[in-house]
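Peer 1: Below, each chain spelled out in residue letters.
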Amino acid sequence: MNAILAVLLLVPAVRATEATVSFDLGGQAVMGNTDSSKFQEYVDVPEGVYVDNICVETTTGSFFTRLSVSKPSLKDQHADFEFGDWGRHRAYVSYDETPHNLSNTARSFLINEGQGRYTLPDGLQTDIQTAAGNAGLFIPWSPGVPLRVDRKTGKIGYEYNPAGLWRAKMDYGVEKRDGQKIYGVSFGHGQLQEVLEPIDYYTHTASFGLERAGENDGWAFRYDMQAFENNINNLSVDNFARLTDSAITGAGASSPGQAQVALPPDNMSHQVSVAYTGKLMERTRLDVTAAYGYLTQNAAFLPLTSNKLILADPRLPKPTEGSLHGEIETWNLAGKWNWKISDDLQVNLKGRHYDLNNRTPRIVLAQYVPYDGTFSPTDPTAASNPTRRRGSMPLDYAKSNLGADVYYAISKSLSFRTGYDWEHYKRHHREVADQHEHTMSASFAFKPSPVFEFRPSYSYSRRFIGEYNHEAVAEEMYPLGEGTSLGLMEEARRFDMAARTRHKGSVKIDVSPTDFWNVGVDYGLVEDDYEADYGVTAARTHYYTFDTSVGIGDFGSVYMDYSWEMALQNMRNRYRATGLDLYANDWIGYLKDTSQTFNVGTNWRLIPERLDLGLDYSLTFSKGRQENRNPSKLAGTGAQQASAAAVNLPNTYSRLQRLAAALNFKWTEHIKTLTGYEFQKYRETDWAQDGLDPFEPAWSTSVFLGATQPSYEAHIARLGFSYEF
Amino acid sequence: MIASILLAAATAVFAQDAKSAPEFVGASKCLECHSDREHFKENIHAKAWPKAKGIEYEKSCETCHGPGSKHAEAAGDRADAGFATIKSFKKLTAKEASQTCLECHKGGDRFHWNSSVHDSKDVSCVSCHSMHRDDKAEHLMAKGSVAETCYQCHNVKKSQFMRSSHMPVREGKMTCTNCHNPHGSQGPTLLKQLTVNENCTSCHAEKKGPFLWEHPPVRENCLNCHNPHGSQHAALLKVKRPRLCQQCHLEGNHPATASIPTNLHLASRSCTECHAQIHGSNHPSGVRFMR
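Those protein sequences? They're chains A and B, same order as listed. No gaps in the numbering here: position 652 of the first sequence is 651 in numbering that gives the first Met the number 0, and each next residue is one more. No gaps in the numbering here: position 263 of the second sequence is 262 in numbering that gives the first Met the number 0, and each next residue is one more.
Isolated chain A, as found in the complex:
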């Protein structure tokens, strides 16, 4: 590969009339407390000498080549190579690596045997099973395991413009994702075991496009394919508290020695689309697209359980199907018609229909085996034993939109737009089959002079729903009933299907008092009021931003921006137990998330063409609040009241500060030194994960990985050298 690249680069370079080579390399020192995975979450911060960037470009007449490599050999390296003939051919190859560092604090005794099989030493399982207190003696000594998933993507493509109006392009890409991440397995209600999920994914993509873009019209054809391949189809993990499956009880229970879960199955999708745009008549333009997609998934099902004793029991009905035969078709038909009645008056009509048609057959399974630990030894189809029968729901929906808007330029400095949109959902297998939303909107653009711009906008939406059948899902998923568990509350509404009133507004102001000074202010609000007694009853998000920049001739600039955003949600819920489904056990949640970001910086040309200085500081602060209360005096037993009692959950906080300084000195036309310093400080407080150890005495039947992303503080000093010839 390297030899081919060298030939491709060097041959034209030798004959080239023009060649440019540049590279940046340098040394870097990192100090501080940088153990947290947050520090290098998506990047590799190297220490010592490294190459930051290499770029080689050649031009021979109209033939060009370009190779650009950044951070070679590091975990976030990227490379592009392209060559071609200006305006006619272009071929390219690219390669990218992006790490995702999930946690550096995870610890586990699990041993990866390959192919998704994670085991524990038999002695450890036996010892932990022997005495209740043994888990606390062994688990805290679990060794560290990295949690990370790396993406490696390669792509090759070619574009051809045989003539001015025509363009053809094709590409193929493959992405490999590997690593391991956190996964939760339960071996029974209350026995949780955090384990490692192996990631070994390949995703292949290919596309082909052909288009003609003429003076007055154009059309385009496109085909896309994506094939997802998971090399590990299941995760099988030992139960830390049991070496083997226990004998089946009369009720059909067996404590499992291991658990097995299905990992994402392979799938394949194809999509073809055709688009047309053109002037049909004088002053009108039509833009239409039709697309068809096809998605399949037919990976073999795993057995109902990995519990060997239950699996061998002849009373366990076997699934009738070996795989899903999953098929989804999608249709998208969209059109937009623009009528420019005059330079000042325009009308737009638009429509769209998207249909996701799930042709996957419905499968009804006579039994399922929760936790790999229980099954029903009696006739599962009997009315007295309905809780084991489950039916799948091939979810589908169709979404239609129609809309019109009118644009009118009242004067050269003032324009107005008003519109109406209608949206309709048609669903299967959900609580609401029919849903309509009407939206009316208006916006102004006022620009009395090049230095001032004011853009307010407002829209009002009402969502109406047909019948809300709160048992719709249960009736299909549990064909014989759900057993003793209470189903969804009749008064509850799921927020995506509840009738709703929405107010949405925004204001943008942009002022440029001088050529070198700009100020922008932006405010936005979305307020939802749901017609729901339970579930989300109201939500509101609003934000404002302020930014300003000042340019001081060719010498420097100063910039600053600040943003504030708050998301509020009100919800109402109820602790429900059989025989205790009472208003008295309602609880109300008030959720409030606030985030602020402040950024200030400056760039200076201290010595023209010689010395540049850049400084940048940013601070992001987020706070999450969850207040909860019971509106009434609680009912039930002491234990039930304890479950129904709503208390405020602790606040969560995160704060990121970054300070960066760069000083670049240009020694000659070709040589530059780059000096930089960066300070990063991250603090996070999250009660749900802070201090979570593999063994927690309060939850002694569970095991965790202790995977956190704790705070960090880093000082990074760089000295670089840039050469260009």
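Don't read these hints as lab results, they were simulated from the structure. Accuracy of the hints is not assured; some may be wrong.
[What the hints assert, rightly or not] Calculated cross-link-like contacts (lysine-lysine; reagent style BS3-like; alpha-carbon spacing at most 27 Å):
hint, chain 1, residue 1, chain 2, residue 2
1, A, 339, B, 94
2, A, 74, B, 120
3, A, 507, B, 120
4, B, 120, A, 411
5, B, 86, A, 339
6, A, 168, B, 50
7, B, 50, B, 28
8, A, 680, A, 70
9, A, 398, B, 237
10, B, 142, A, 446
11, B, 89, A, 411
12, B, 120, A, 503
13, B, 142, B, 172
14, B, 156, A, 680
15, A, 507, B, 142
16, A, 507, B, 89
17, A, 349, B, 191
18, A, 622, B, 156
19, A, 446, B, 172
20, A, 425, B, 191
21, A, 168, B, 120
22, B, 206, A, 398
23, B, 46, A, 154
24, B, 89, A, 446
25, A, 168, B, 191
26, A, 665, B, 142
27, A, 74, A, 168
28, B, 89, B, 28
29, A, 180, A, 503
A quick note: this is a predicted structure, and the numbers were derived from the prediction, not measured.
For chain A, the structure is supplied; the task is to place chain B on it using the hints.
Peer 2: Structure of chain B alone, referenced to chain A:
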């Protein structure tokens, strides 16, 4: 007689027009004053035009700005009527400015530009692209990078990318145009794909399914639970678990339990600790998304 007078008058007017019509002077002449545009030679337009369009470098300035003889003759004197004969993009309407670019750039990503969201809000090509930049500027973006250019108007998104859970945009491993086509699309919010889910699963293909057990809000819209630009909660979630799940799940027993922080159901990833296959399960016993 009248016809003769009119003819003579018309001839005189046209002769005057012909005399005053500006002519092409060439890039060298332009650079005599606009020396700060010297690096245009390194610009993709200057490199590609000779072959792609048959436009030699000398003609490059006036290809977009129109013939410049009168402008040049004015020699910087704004009071001279000839000064304004050059096509200045600052003085054009958004549509006029874009139309100049669309003369060549009709197809590709711009296929759906006409009456797209940005077009209809008077955003023009030059709002985001700076045509004179040298070739090192990514897509000739006005602010040096795609994201910084988008933040000019979408400043709140910049803040969202700074939050603890975020797409790797601030690290430079992704950018806005990985998901959006700012030039127009047939999808919602200028997404490159037709739906939100098609957009998300173009990278997260493992979540495409179809699964034996599907989670309804997942099949319909990833944004029911996630904020794609960034969140203060893990995994880009809109609301911290378990409250996120409890907004819909009011079934009996533990789904609707208010819970105190010391409850196992709230530890670590809360509901999704056990219901780990929340995007869908293909296991015959995975009806509760636990297998």
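Peer 1: All hints are to be evaluated individually against the structure, with a verdict given for each.
Peer 2: Tested hints:
In summary, the hint linking residue 339 of chain A to residue 94 of chain B is supported, as the alpha carbons are separated by about 12 Å, within the 27 Å threshold. At most 27 Å may separate the alpha-carbon atoms for a hinted pair to count; residue 74 of chain A and residue 120 of chain B exceed this at roughly 41 Å. At roughly 12 Å between alpha-carbon atoms, residue 507 of chain A and residue 120 of chain B fall within 27 Å of each other, so this suggested pair holds. For the suggested pair residue 120 of chain B and residue 411 of chain A, the alpha carbons sit about 14 Å apart, so the restraint of at most 27 Å is met.
Straight-line distance between C-alpha atoms of residue 86 of chain B and residue 339 of chain A comes to about 24 Å, which keeps the hinted pair within the 27 Å bound. With a C-alpha separation of about 19 Å, the suggested pairing of residue 168 of chain A with residue 50 of chain B holds against the 27 Å cut-off. Of the pairs offered as hints, the one joining residue 50 of chain B and residue 28 of chain B holds, with about 23 Å between alpha carbons and a cut-off of 27 Å not exceeded. A threshold of 27 Å between alpha carbons decides the hint, and for residue 680 of chain A with residue 70 of chain A the separation of about 24 Å falls inside it, so the pair holds.
With a C-alpha separation of about 24 Å, the suggested pairing of residue 398 of chain A with residue 237 of chain B holds against the 27 Å cut-off. Our distance criterion of 27 Å between C-alpha atoms is met by residue 142 of chain B and residue 446 of chain A, whose separation comes to about 23 Å. Our distance criterion of 27 Å between C-alpha atoms is met by residue 89 of chain B and residue 411 of chain A, whose separation comes to about 15 Å. Our distance criterion of 27 Å between C-alpha atoms is met by residue 120 of chain B and residue 503 of chain A, whose separation comes to about 17 Å.
The hinted pair formed by residue 142 of chain B and residue 172 of chain B meets the criterion: a straight-line CA distance of about 18 Å does not exceed 27 Å. A hinted pair counts as satisfied when its Cα atoms are at most 27 Å apart, and residue 156 of chain B with residue 680 of chain A qualifies at roughly 21 Å. Taking the CA atoms of residue 507 of chain A and residue 142 of chain B, the gap is near 20 Å; set against the 27 Å cutoff, the hint holds. Using a Cα cut-off of 27 Å, the hinted pair residue 507 of chain A and residue 89 of chain B holds, with the two alpha carbons roughly 20 Å apart.
Simply put, residue 349 of chain A and residue 191 of chain B have alpha-carbon atoms about 18 Å apart, close enough for the 27 Å limit, and the pair holds. A C-alpha spacing of about 18 Å is found between residue 622 of chain A and residue 156 of chain B, which places the hinted pair at or below 27 Å, so the restraint holds. Our distance criterion of 27 Å between C-alpha atoms is broken by residue 446 of chain A and residue 172 of chain B, whose separation comes to about 37 Å. Taking the CA atoms of residue 425 of chain A and residue 191 of chain B, the gap is near 24 Å; set against the 27 Å cutoff, the hint holds.
With a CA separation close to 30 Å, the supplied pair residue 168 of chain A and residue 120 of chain B exceeds the 27 Å bound. Among the hinted pairs, residue 206 of chain B with residue 398 of chain A is consistent with the structure: their alpha-carbon atoms are about 21 Å apart, no more than 27 Å. For the proposed pair residue 46 of chain B and residue 154 of chain A, the alpha carbon gap of about 25 Å is at most 27 Å, so the pair holds. Between residue 89 of chain B and residue 446 of chain A, the direct Cα distance comes to roughly 14 Å. Compliance with the 27 Å bound is thereby established for this hinted pair.
For the proposed pair residue 168 of chain A and residue 191 of chain B, the alpha carbon gap of about 17 Å is at most 27 Å, so the pair holds. Distance check on the hinted pair: residue 665 of chain A and residue 142 of chain B sit about 23 Å apart at the alpha-carbon level, within 27 Å; holds. At roughly 30 Å between alpha-carbon atoms, residue 74 of chain A and residue 168 of chain A are farther apart than 27 Å, so this suggested pair is violated. Proximity of residue 89 of chain B to residue 28 of chain B is assessed by CA-CA distance (about 21 Å); at most 27 Å being required, the pair is judged to hold.
This hinted pair does not check out: residue 180 of chain A and residue 503 of chain A have alpha carbons roughly 39 Å apart, beyond 27 Å.
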